[in-house]
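Peer 1: If you want the building blocks of each chain, they are given just below.
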Amino acid sequence: MAKLKNVIVILIVLAITGWSRMPIEQQLAEDLHELKLVPPRLSLEDRSRLKQKAFIATYGSLRPTIAAFMSSATTRPHSNQEWDKVEDSFEEILLLDPYNFHYWDMASWHMAYNAAIDKKSDESLTEVARNRVFERYIQKGKDIIDRGIEINPDDWRFQNLKANLEGNRFRNPDYPAAIETHKQMLTMPDLPYHAVRQANIRILFNTQNLPERHQEAYDIALELFARGGQYRTPIVLNQLFISNYHPLTIVESPMSLIEIYGSEQNALKHLRTLWRNRKQGPKIYGVEKMIKQLEKNTTLLDKKRTIYQNTEVNN
Amino acid sequence: MSVSPESFKKTSFISLARIGVIASHTFTQLVRMKVFYFLIAFVILLWGAKQVIFQNETGGDTSPEQELRLIKSTGFAAMNMFSMLLALSATALLIPKDIEDRTLYTILCKPVPRLDYLLGKLLGVLALIFVSLVAMDLVLCFFLDQKYSEIIDIQTLTYTRQGMPQDMIEAKLANINAHGVSINIHLASFAIFLKAIVIASIALLISTFSTSTLFTLILTLIIIVIGLIQSDAREYADTMAKFGVENQLSKISLMVAVFFPDLQFLSIEDGVIDGHAVPLSIMGRITILSLFYLAIYVILSWFTFRKKEF
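Those protein sequences? They're chains V and C, same order as listed. Count along the first sequence starting at 1, add 475, and that's the number in the working numbering. Count along the second sequence starting at 1, add 10, and that's the number in the working numbering.
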């Protein structure tokens, strides 16, 4: 009887105190999730996917260790090109350690780069099937990054990763989407200086690849050039030069070669590189003529044969 | 034979001196069980974690902070495990061992209130866990700092050789810096101690009415497991209540949320592993809530233990 009385009293006290602490705990849990001090909640589907690891994921601390070793273990399926296994492993790794950018980067890289290119060269498939699978894996890579953004909306690296994949010329590029993603990234607070600079230069690069937006490309290049210092990269300088010769671009006050590149030697160096890579990018105006002109000045030439001559021979 | 009036002086309900004596005795008793040997295992574990070097597979941006995360993760996991085992086993063994050694009868026949006895025993266990965690925290910081210095030296050299602009190098080193030794490591260790406090007080409550040590251990473990998913149950019950839905699952979830402790909010070491800072206001709220649990379970333990016959 005394035992029963004890049990009843214990249950009553636990119920009263439990009821009173519930809203406090709920608020604390929300604050902890907002500060990312505790892992995100797992859905029932995620729990069943993780099986026994779900308990570890709940218990905490061990999650990153298990994720790290699982990530190392993907080396074997990666080497054997077993992409389904790689994908499954990373699905679990991302559930275990969802705030770790490294795994999102790795997972999307495996899908959109390794798996996609492997399938593209899979001779057991027909041409149509190869392309379809190639596109599917790129999309998988993009979907992974989108999920990463959902969980880590304040981390600019995810937006950067997404934009770089969207603007990758070897991965079915979607330049307008890449520009938008980078612009969205630039609206994020507390971006490091190098991220701002890189995003702006990538916006110019992606705009260059859209021939109909030639005027916008010039305007961006002019604005970045005006910022000076580390913004004066070859992409910016070359765009300013090309715009001078573009038949449709309105250039109000064209800059001279020296104003753009600083010296003829520098101009020759950058224009040669641009010419060498001309097949990968948009049409370049005035470059061939300028290289020929600059190469006439033998003091600018090094001991090697000129790049222009090289490419001509190759062609 | 005359009896002095002092002998009839009423024993105070609670005495810090008495609690201190029992606590120090319990602490010594547990230390004699050679529990600190686990520190050797802890050092070996962290030394092993420090040797791990992750290769940069992507060929792009390196993530040297992964190695620091691994040391923190391994360290905190081991601290969690050791402190939980100590809290669970030492507390579950307290009363049965005193009964077996007949120490309990010697103590309780003296004017020692049972609350003092329980508090003394619990504080002895907690002191042992605290000392262990302080030692583990120092070992963790030592290995973390060693690895951090190695990584900073290597990465500074690598980034400079790659010709990275200074601002980029600084931003990258700042990322690594977030994973080095900081006050957050100590706060996470303290949160693990708070978790151990809650677990030990649960084990104490169960041991006051349990008939065997095994039963105490199993029941406490079940409560720990439920405690780790309690927040999910509370979340579900809360969401259902907001939508005005009442079903079997929402009722069970509500019961779980009311009767079981939430141990998830004490797992802030996960955030520290990810390099997030722990605000002191959050730490304060966590501490208050843990002490609230401690108070409730100790009062209930005393309630069941106060008239228990041996």
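The set of hints was computed from the structure by calculation and includes no laboratory data. It cannot be assumed that every hint is accurate.
As a list, the in silico DSS-like pairs of lysine-lysine whose alpha-carbon atoms are at most 30 Å apart [as the list claims (entries may be wrong)]:
id	chain 1	residue 1	chain 2	residue 2
1	C	K60	V	K560
2	V	K478	C	K60
3	V	K744	V	K764
4	V	K478	C	K261
5	V	K511	C	K60
6	V	K478	C	K44
7	V	K478	V	K511
8	C	K120	C	K318
9	C	K60	V	K480
10	V	K744	V	K754
11	V	K511	C	K317
12	V	K478	C	K107
13	V	K754	V	K615
14	C	K317	C	K107
15	V	K511	V	K595
16	V	K595	V	K615
17	V	K511	C	K252
18	V	K480	C	K261
Computed from the model, here is a short list of chain V residues facing chain C with C-beta under 10 Å [claimed, not checked]:
id	residue
19	Y760
20	M765
21	L769
In this text, a Cβ means the ideal position worked out from N, Cα and C, and glycines have one as well.
Peer 1: Take the hints in turn and mark each one as holding or not.
Peer 2: Results of checking the hints against the structure:
no.: 1; hint: C:K60 x V:K560; verdict: holds, 29 Å
no.: 2; hint: V:K478 x C:K60; verdict: violated, 53 Å
no.: 3; hint: V:K744 x V:K764; verdict: holds, 14 Å
no.: 4; hint: V:K478 x C:K261; verdict: holds, 27 Å
no.: 5; hint: V:K511 x C:K60; verdict: holds, 26 Å
no.: 6; hint: V:K478 x C:K44; verdict: violated, 37 Å
no.: 7; hint: V:K478 x V:K511; verdict: violated, 44 Å
no.: 8; hint: C:K120 x C:K318; verdict: holds, 16 Å
no.: 9; hint: C:K60 x V:K480; verdict: violated, 55 Å
no.: 10; hint: V:K744 x V:K754; verdict: holds, 18 Å
no.: 11; hint: V:K511 x C:K317; verdict: violated, 46 Å
no.: 12; hint: V:K478 x C:K107; verdict: holds, 22 Å
no.: 13; hint: V:K754 x V:K615; verdict: holds, 28 Å
no.: 14; hint: C:K317 x C:K107; verdict: holds, 19 Å
no.: 15; hint: V:K511 x V:K595; verdict: violated, 39 Å
no.: 16; hint: V:K595 x V:K615; verdict: holds, 15 Å
no.: 17; hint: V:K511 x C:K252; verdict: holds, 24 Å
no.: 18; hint: V:K480 x C:K261; verdict: holds, 25 Å
no.: 19; hint: Y760; verdict: violated, 30 Å
no.: 20; hint: M765; verdict: violated, 27 Å
no.: 21; hint: L769; verdict: violated, 26 Å
In summary, the numbered hints that this structure violates are 2, 6, 7, 9, 11, 15, 19, 20, 21.
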